[in-house]
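Sequence order for the protein chains is A and B. Residue numbering for the first sequence follows the numbering used here, beginning at 152 and increasing consecutively. Residue numbering for the second sequence follows the numbering used here, beginning at -2 and increasing consecutively.
Be careful, since some hints might not be right.
Once the Cα atoms are required to be at most 20 Å apart in a straight line, the calculated EDC-like pairs of lysine to aspartate or glutamate come out as [stated by the list, open to error]:
1) K265/B with D465/A
2) K456/B with D599/A
3) K143/B with D93/B
4) K143/B with D109/B
5) K267/A with D104/B
6) K267/A with D186/B
7) K406/B with D432/B
8) K128/B with D432/B
9) K176/B with D216/B
10) K239/B with E538/A
11) K143/B with E164/B
12) K456/B with E364/A
13) K406/B with D394/B
14) K406/B with E284/B
15) K143/B with D599/A
16) K267/A with D416/B
17) K265/B with E538/A
18) K135/B with D599/A
19) K135/B with E212/B
20) K456/B with D228/A
21) K456/B with E160/B
22) K267/A with D432/B
23) K456/B with D475/A
24) K267/A with E284/B
25) K265/B with D475/A
26) K267/A with D216/B
27) K456/B with E472/B
28) K126/B with E157/B
29) K456/B with E538/A
30) K267/A with D93/B
31) K183/B with D93/B
32) K234/B with E371/A
Residues on chain A that point at chain B, a partial pick, calculated with CB under 10 Å [as the list claims (entries may be wrong)]:
33) D347
34) G542
35) Q596
Bear in mind the hints are in silico, worked out from the structure with no lab data behind them. For each residue, glycine too, the CB sits at the ideal point set by N, CA and C.
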Amino acid sequence: MRTLIPAVLVLLVGCTSPEPTAPTAALAPVLNGSWVDQIVEQPERFSALAAGPARDGWIALHANDLHGAIQGFSGDDPESTLGRGRAQWDLSQLYFALADAGDLAWERSFATWSEKSAIPTGSALGYVAGLAALEQGDAEVAAAWFRLCSAARDPLVAQAATLVAATAPGQPISGDDLPPLVLRYNLHLAVRSSGDVAPLAMVIDQPLIIEIEPRPDGSELEREFYDPQLLRTMAIAYGVQAASTLGTDDPLVALGQAPADSLAALLFGPVAAGADLSAEAARANEAPRTLGASGPALAAMGLDSELPATDDADWARGQVRQLDTSLDAWAASAREGASPDALALLDELQLVRIFRSRVLLALGRKALLAEHPWQALALAQLALDLESSRGINHVNHPGLRAIIIEAQLRTGHTREALDAIQPLLDAYPALTGLDEVLGDLAILQGLDRYGDSKEN
Amino acid sequence: MVTARRTSPRASTVRRRATSLPSILLLASLTLAALPAQGQGLRYAEDQAPGIVNPVFTTTMPEARLNELVFEGLYTDNQNLASVPCLAESSELSADRTALTVKLRSDVTWHDGTPFTSADVVYTIEAMKNKGTLSTEKGRVAWIQKAEALDDHTVLLQFERAEARPEDKLLFKVLPAHKFSGPAIKRTDPFRNEPVGTGPYRFARYNDDNSISLESHADHRDAVSIHEIVMREVSDKNYQAKLLLYESLEALVRVLPRDLAVLQNNRKVDLYPYQTNSWWYLGFNLERDPWREPAVREAIGHLVDVEALLAPIGTGDTLTGPYVKSSPYYNHDVPSWDYSTSRAASLLESAGYAQDGGQWSRDGEPLTLNITAHQTLESSQEVVINLQSQLQSAGFDVQVEFLDEAAWKARIWREHDYDLVLSQWTFDRNEDIRDQFHSEGARNFCSYGNEQVDELLNKARDTTDPHEKKAALREVHRLVHADTPMIFLWTLDSYAALSTRVGSVVIHPFYFFTFVHDWRME
C-alpha cells in the first residue's frame, strides 16, 4: 500500500503546505471516528477508494469541482453512485444558495431602479421583474410588473407577460404559436421536473432578452435582461438528479442511511462521522442546506449549538477560534501515532483544512438562513484559503462565495458582492445574469454619490 | 546602461541583505518605541505618515484614513453603506429638489472647544469652491450653487440643478472656519500641523518617530471605547506583519499578499478583506515626447510582460483598462496587449526609431525611459527592478527613481515632471474615473484628453439609467485601452489585519475607520 500513496497524492494535486500544528492536545478526541480520522488510522482505505472506479470523482470532489465530480463518478458501482449523488446534492444546495442571493439582487435592483431612475418606457424590464417576483412567490408584485408590459415595444413581450400573469405558478402554458419567452418559461418547468439541465446549456450565460432602445439623441441603447428563473431551476434540477441517483425522494435521508463507517458517504464533507450524519439526516427537512452545522462532533469541539440572538460577528470569529483550537489539538494528537502514509495524506491533502472549511460553510449557511449576515460573512471569509483567494480549490468551496455574495448584499455592500461572484464565473456561467443585475444595483445605489479616489 | 538617480532598487536590496543586524535592531527599536503600550490603545501602521492633514488637500489613502478619525461630514455612511446624518440632524428637500435645508446638531464642538455652527459649513463649501483653493476635491461641492447660514444651526444649500438624494453627496468633511484667515484655503496654512476637527479623535501630538497620536474627543456625542489611536509610519512594509505578530501593532490597514498565509495561520490575528477597487498602472506623461506618440506607447505596452511582473508580488488579476474585473464597467471584450517584440519593433520603426547595437534610437538620440515610483508603494521596488530588466532587454535605456511623498506631490502632481510613473489608484465603490481621464479631471496628471471619452464620461455622470451608464463606461474602457495613456497592470486583493484583541470591527471599504467608534479592545 505504501507505493500507492504517492500515486494518489500526485493525482490530488495542488496541496503542498503542511497542516498547521498546535502545541496542545487537550481536546484530542474530537475527530476520533471521523472521516479524517479514518484516513489517518487506515490510509489504505482511502487509497483503495482513490484507486477504484470512482477515482476521478474523488479527485474532482477534493478540488470542489462539483460538475467535474458528477462526471468523474460516472460508474454504476456503489461508491460512484454515492459520490455522484453527493456531488449532485451539493451542487443543488449551492444553486439554491445562489438563487436566494439572486432573488434579493433582482428584487432590490428593480425596486431601486423604480426609486432612483425612470423605468424605461416600452422596455421588457417589467417582464423580467415580474418573473423575479414570481420566483419569490409574490404574485401580486409580479402582476404589477407584468401590467407594465402592455406598453412593451415588442408585442411578443406583452403577449408573454399576459400569458404568464394569467397562469397559476408552476403550471405550464399551453397553446399554439407561443412566444419564445413563454417557451422558455415552460422549459424551466420541464427542467425542474426532469432534472435534465442539458436544454439550458446553450443559453445558460446568455441574456433572456436583448432589446434595442432608440434614445432621444438619436443613438440606440442595447439592453440585456437576464433570466431570473435560471438559478432556482438549476438548483431544483440537480436536486432531482441527486434523488434519482440515490434512489430516494430525499437525498439527505439516503446519505444518512449509509453505513456508519462509510468513507464514501463522508469523505471531504462537512459531517465528521456516521453518527453525525444520521443525526443531521433526521432533521433533513428542517434545513438541508446546513448539513454539518449541528452534529455531535461540533458540540464536542466546543462550538455553540445555537446562534446568539443578535448578529454579532465577534461571536462568529470566536467560534472559528474555538474550532481551530480543537482541530489543532486533534491534528497534533493524530500526528503522534500516525504512519508515514497517513501523515503524507494528512499534510498533502490538507484534510483538516478541508473539514474546517466545510464546517464553516455549513455554519455560515446556518447564520445566513437565520438572517445573521454579518456572522455568515465572517464565517465564510475566515474559511477561505487566501493563498488561492481568487479561485475554487480544495478549501475554497464555491458555497463560501455564495454565502459572501448574499451576506454582502444583505449588509448593503453590493459592490463587494460583485467581487465574490468573480471567482465563480468560469465554473458557473449561469451566474452571468446575477453578475449583471448586481452591477446594475451597484450603479443605481451609487447614482447620487460623489465618487472618491486616492493614490495608493 | 542602467542608472538610478536616487535610491536604486538593486542597491536597496543589496543593502538590506548586507545589514541584517541593523534591520533586527530597527525592528527592535520599532517594537520598543511602540506608543501607546500594549493594552492602552490601538496602533496601526501606514507605509508613510500623511503628508498633510487637511481633507481639502487629501490625495492619498493614508491621509483619507486619518481624516476619517479626525473630521466629520454632514452625513456619513452607516455600516450598511447608506447615508445617515452625522453633523446634520435632519434635512428637508425643496419640492423642486433644487434646495436642501439642513438642520445641524447643536451638541457638537470642535476639538479646541469652539462650538460647531452653520458658519463652518458655509465656510467649508465656499472655500472649496474658491478658485484660490487649489484642491483636487472641488468636485465634491461643485454641484452646490450657494450655501447660506439661516441661523447658527440651519444651513440652506441651493443646487445647480435638481438633485434626487443630495444627502448622499454631503459626506465631505467640514472644516472649522475660525482656524482659517481667508476665503481660500492653502496647503501651507498652519492648519496642516494643528488640525482641528469634530471627529471622535483629536490630534494629540506628532511623535519623534513620525507617528501621530490621537486621543478620543471627550466632548464627542459617541463615546468610544478605544481612547488612543496611534498612526505609526512603518515604511518598510516587510516589517509591518512582524510588528503585528510581535504585538507592537494592533492593526495593518493593508497586508502584503506574501504575508497573508502567515497571518491567516496566526491565532492572534484576524484578517478582514475589504475594498478591491485598486489598480496599478504605468502612466505616460503625454505632455512630453516621445510619450505623446501613440505608437511609442503601444510599443511599450507590447514589451511589458505584466504576468511576469505580477507573479513575484502576489496573486491578482491583470487588467486591460481602468477598472477591476469585478466592476460593472469592466469591458471583458477588450484584449490585453500581447507580449510581442516584433509588434513593438514594427510600431517603433513606424515612429522613426531604429535599433543599433540592440539599442533603440531616433535621430541619434537613444530612447530613454525614466520610470518614477512612489517609494512607499508596496512592492514597487520589486516591480521596478523587473520592469527595468524587461525594458532593458528590449533595447531601452532605463532609469528609475523613487520619490517620497513631498517630492511626489511636487514633481508628479504639480510640475508634471516625469516620463513614466508606476503608481496605484484606489476608488470607492462608485469607481468614478472622471478625475483621472476627463481632459478637465483634477487627477489627470498624465494630461490625457479624448473628446469622445469626455463625452462618454459626461453622459455617465449625468444619466440615471444603469444600462446607459454601463454601456458608456465600457466604451470608455475600450477607448482608453486603445489610446494607452497608461499601461494597466493589475489589481491585488486587499486585506486588513487586526489583533484579536480588537473586537466589533467593521471596516469601511474605502475610508476604513468610519465605524471606529464601535470598535473595542480587550
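Okay, which hints does this one fail, numbers in order?
Violated hints (numbers, rising): 4, 5, 6, 13, 16, 19, 20, 22, 23, 24, 26, 29, 31, 32 and 33; every other hint is consistent with the structure.
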